[in-house]
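**Student:** Here is what each chain is made of, one letter per residue.
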Amino acid sequence: MQEEIIRIQGLSKHYKVGMEVVKALRGVDLSIYRNEYVALMGPSGSGKSTLMNILGCLDTPTSGSYYLNGKDVSKLPDNELAEIRNREIGFVFQTFNLLPRSTALDNVALPLIYAGQNKFIRRERALKVLDQVGLSDRTHHRPNELSGGQRQRVAVARALINNPSIILADEPTGNLDSKTSIEIMGLLQDIHAAGNTIILVTHEEDIALHAHRIVRLLDGEVSYDQVNESIATIEQPTQAS
Amino acid sequence: MAVSFLQEKCIEFIHTVFLLLLHLQQGIMTNREEKIIGRRLKTSYITTVASITLVLFVLGLLGVTILFTRQLSDHVKENIEFTIFLHNSAGLPEITGLQQSLEAMDAVKSTEYISKEQAAEELMEELGEDFVEFLGYNPLSSAVIARLNASHANPDSLAVFEEVVSKNSIVAEVDYQKDLVQLVNDNIRRIGFGMLIFSTLLVMIASALINNTIRLSVFSKRFLIKSMQLVGATQSFIRKPFIKKGLLQGFLSAIISNILLVIFLYTLERKVPGLFLFDDLTLLSALLLIVIFLGLIISWISTYFAVRKYLNVKTDSLYYY
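Chains A and B supply the protein sequences, listed in that same order. With my numbering as the guide, the letters of the first sequence map in order to residues 1 to 241. With my numbering as the guide, the letters of the second sequence map in order to residues 242 to 562.
With the rest of the complex left out, here is chain A:
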């Protein structure tokens, strides 16, 4: 039986915009298991960013529960959420979110500073993950000295350094050309093959086809949740239907 990593039940998120209450999520139920590769899709305003923020412990729900590795994280205070983000979640964003004045090595080692690891361990582990993403020759380069694809690789390495339970990738190819996008999707594919759980937020059908399960959101509710029968691999990319 597969181990459940994420379980959300009746998850709702309401925002107050002026006098109006916007219901971004309306009672979402979802379970994600270890080593799953899930694509979260939906049009603008469907609630996928809100769900991603809650899954990433960057926001808390208005109601409902969110269990991450069996622990209810839906009502935790900010400091505990920060700790969960540090230990359990690796983020990969469209905009890379790297520190511009720090080298690739320092950027990758950053989560370990907050985790309280010493300099030696930080360096060792950062070098290892940078090698894993194919950037062992770019460790002392700053983000402005790297290409878009290399920056995203640094972001992926940073996401991997703490061996997180889940990797949340929000439009990871949004800022990249098609060739580099394929490279990054190949990297995510390898990471998944190594046993990691990946949640990919995207609006691009061909990118979503790399995932093994596709969840679609519409108006704050799950409208579709199916196993992907035609998984696209880097060797044989499938055309979006």
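Keep in mind that a hint or two might mislead.
What the hints assert, rightly or not - Here are the computed distance ranges between Cβ atoms for each label pair:
(1) A:Asn-163 - B:Trp-541: 51 to 59 Å
(2) A:Ser-230 - B:Lys-485: 50 to 58 Å
(3) B:Tyr-286 - A:Val-22: 38 to 46 Å
Simulated from the structure, these hints should not be mistaken for lab results. For every residue, glycine included, the Cβ atom is placed at its ideal position computed from N, Cα and C.
Mind docking chain B on chain A? Use the hints.
**Tutor:** For chain B alone, kept in the frame of chain A given last:
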């Protein structure tokens, strides 16, 4: 065969040279970019400190104006003359006794005796003709002029003072400009109220300006804040270096503005005679300390809220600010 080998070596050489040039160019570009970024950071720091310094300098000037206005109002009040006309029969020992008893009072700052002759001389000088010769006698009385302490120069205290002084047997009449006293007090109250409103407004504007400057400085680091948050830094961990920097900027600005303020006041005192701005050093020191306190507190509050704002903003929304 040999040609093909040579061709291959040539291509390899050109490729190596090209790569070397590319690395060199990248190195130059990187150095140049680093210099530009470094210069920008320095400029941004200097601009922030300069802006806060100017605002604190204006606040310091306001403080000096308030202190100086108080000195000025005391000066005006203490120059209000209270004239005590004496009976012609009053002898010098009685007059000296009256002067001594007046000077012993809390309300009185100083007294001055004007004899009949002195009064006649002064009036003749003013009129330009010898009225004593014309009249055949000196109609003026001798008088004691009392100047009061600023705290007693108000209509109520003066009425009591008048009553007490009138009881003395050598006093013929007491005269002072009741309307002027009332007017001075009313005007000082009005000016004080105006200053209070102006000061409140200026402190609010100063806080808003410093807040805006610091917010802009934090705004430029909003992505950094978000990146630190994403990798699991706690809010207090992220906030700490910003608060430290904010406090340092506030302190530095306050010190510079205090130096400017002291230079300005020193120059003003030398150029404008009659200004005694350094007379009360305790008050001036207190003012300089208040400027430092304001610099620190406004910078701290502004930095705290500016960082908090970006900690609560979603990653996507950072672009819309």
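**Student:** Check each numbered hint from earlier against the structure, then list the numbers of those it violates in ascending order.
**Tutor:** 1
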